[in-house]
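One line per chain: the protein sequences are L and P, in this order.
Here the first sequence is numbered in my numbering, starting from 456 and rising by one per residue.
Here the second sequence is numbered in my numbering, starting from 6 and rising by one per residue.
Hints in this document: simulated from the structure, not taken from any laboratory.
A hint or two may mislead.
If we take Cβ atoms under 7 Å as the criterion, some of the chain L residues that face chain P in the derived model are [as the list claims (entries may be wrong)]: (1) Glu585; (2) Pro601; (3) Val623; (4) His627; (5) Ser631; (6) Pro670; (7) Thr672; (8) Gly678; (9) Pro679; (10) Arg680; (11) Gly684; (12) Met691.
Nothing here was measured: the structure is a model prediction, and the numbers come from that model.
All C-beta atoms in this analysis are idealised placements derived from N, C-alpha and C, irrespective of residue type, glycine included.
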Amino acid sequence: MRNSRQQSDKASSAVPNVETSLAVAAGVLSAYQLVRKRPIFAAATALGAVGLVVMKQNAQNANAQRRGPYEASASFSMRCPAEHAYGLWRDFENLPRFMPHLKSVTVEDKIHSRWTAAGPFQSKASWRAEIVDEVENEMIAWRSLPGSLVTNRGSIEFRPGPREGSIVATLHVYYSLPGGAMGKGFAAMFGRHPEFTVREDLRRFKAFAETGEVPTTAGQPHGPRGMHGHLIHMLMRETSNMTGPATSESLRGAA
Amino acid sequence: MKAVCWMGKEKMQVHDVPEPKILNPRDAIVRITTTCICGSDLHLYDALVPTLAQGDILGHEFMGEVVETGPGIPAETLKPGDRVVVPFTIACGNCGPCHEQLWSLCDNSNPNAWVAEKLMGYSPSGLFGYTHMLGGYAGGQAQFARVPFADVGPIKVPDSLKDDQVVFLSDIFPTGYMAAENCNIQPGDTVAIWGCGPVGQFAIRSAFMLGAGRVIAIDDVPERLQMARDGGAETLNFEEVDVLGALREMTGNRGPDSCLDAVGMEAWGHGVQFFYDRMKQKLHLEQDRVLVLRQCIQACKKGGTVSVPGVYSGFDDKIPLGALMNKSLTFKTGQTHMMRYMQPLLERIEKGEIDPSFVISHRLPLAEAPEAYRIFRDKQDHCTKVVLDPWAERAAA
């Protein structure tokens with residue numbers, strides 16, 4: 456079976472991706488430098504842009520070649536009691552505060568919950584999940600109910616850390632769609648690189664558990680961005696700063 | 006509100022931008038009364054530090070009046086009306102590094118930590134107005150600023166002290182002090198300090214506070230060397246003498262007990278080394294000009310300490326690791342762990358031990374910041390330190 460992720464990545468899209476923006480920006484910048492009679496810098500810009508695109512494509516290809524599910528894990532050490540971290544995670548309605556791909560999680564009863572993921576252009580995916588295993592202050596494991604469109608499994612573990620007062624949290628996450636297809640829409644919602652998304656989700660959870668909030672600059676003032684500014688800002692913001700539900704929710708009362 | 010924005014290399018512009026808002030529960034909004042240009046801002050002006058975006062508001066040395074606090078700040082800690090100095094590093098107070106007083110290494114204040122991790126392994130704390138790799142926070146060369154974790158950073162200052170006397174608690178005074186402390190000064194020690202800019206000036210005075218017997222200060226700008234002598238230092242002009250030879254003679258072929266690099270990545274010099282570093286930096290093959298760092302390693306006595314408050318950003322060439330290793334040198338570095346020092350240094354100011362305003366050479370309205378950057382960078386007009394008033398009207402031409 457052809458790797459459908461590679462195919463769908465090559466499909467044209469109305470949304471300009473990073474490579475296109477970078478190519479356009481580099482082209483304009485090179486042209487500008489040529490006009491200003493700085494051929495060396497024009498060449499350097501073009502080469503640099505090509506290099507970045509090649510690196511990104513290589514990374515994507517490496518990722519795409521891992522056929523099948525979207526799966527990763529990450530570990531972070533934290534300075535808080537295991538009970539505190541466990542309690543925050545156990546209330547699944549908190550998850551969107553540090554997992555930006557989740558629009559909402561509604562707890563239905565002791566073990567059931569409804570999850571909704573959100574992507575660009577009002578795209579949504581929703582499924583119900585259940586807690587399959589838990590050990591208080593140590594571990595929670597959950598999975599989407601059989602028959603859900605999105606298959607999701609995950610677990611979080613808390614173990615004592617090397618220093619007094621510290622713990623180590625380890626998050627495993629698994630996502631897949633029917634037939635193993637990881638299309639562009641899925642990537643738009645959950646991010647292209649599971650290792651990155653899972654690590655950043657856990658980093659945000661660490662901040663949330665230790666400080667009661669997730670660091671952000673989304674919504675702060677700035678001067679006119681121009682193409683260069685927008686590009687840098689997008690490259691940073693694409694994968695780290697949160698917008699949307701988590702930011703506004705974090706304002707509803709201190710943790 | 007008006008804010009100084011980075012619009013490109015050597016292109017600072019004052020723009021009208023929206024006022025900042027509370028974004029997180031532990032934020033506060035400060036109405037800025039005095040803000041400054043730092044030597045490290047000049048590296049941004051010269052576009053030598055990566056991940057700046059056009060439109061970024063710069064500035065990390067500011068103070069003013071709290072006008073709003075988020076729901077997570079108790080009134081006993083901070084409330085509207087409080088007059089505060091804000092540290093340039095942002096720290097949560099709860100993570101491992103903060104708990105160990107390593108405030109400039111906070112785990113939770115850099116939303117772009119993943120970027121810094123790619124370059125450095127792990128990320129230091131977020132800073133105000135200092136590239137997206139270090140958080141991308143809007144800076145304080147503006148009329149208002151949003152201050153995250155306002156229950157940890159800002160310190161309250163008494164009305165009896167003027168802005169000019171306390172604003173440098175935001176960065177350069179604690180930076181010079183920590184740099185001197187990092188020299189591990191034993192009573193009577195000889196400390197050599199490269200760089201007589203504002204950080205160097207505070208390092209000189211701090212070294213004496215910490216028991217140094219002799220401070221030798223190195224620069225080439227006459228008024229800065231004079232300012233160093235006013236602080237008790239002996240001076241060397243690197244344009245006129247061979248610094249390494251002079252230090253050898255002055256210390257009986259032993260070398261200074263500690264060497265302090267208060268210059269950083271835009272070091273000036275002459276000869277092959279300077280040409281090499283400058284060429285490579287222009288071609289973006291090397292991020293920093295490390296002339297001074299090399300000299301510190303060479304000049305330092307065996308078993309001595311090299312203290313590095315000077316800002317460096319990347320990967321650099323020709324570091325004399327052979328000398329470093331074989332002479333048993335200790336390196337102490339870091340962005341300033343501000344919250345350790347602000348209160349104790351405020352007390353020294355209150356007691357009259359030091360009036361930090363001596364470094365100020367220019368007081369200008371915020372509107373003249375673009376020109377001020379150029380004057381400061383080119384060391385024109387006897388410029389040592391620029392403080393800006395965000396609310397003053399532009400002076401008549």
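**Request:** Check each numbered hint against the structure and report the violated ones by number, ascending.
**Result:** Violated hints: 1, 2, 3, 4 and 5; rest satisfied.
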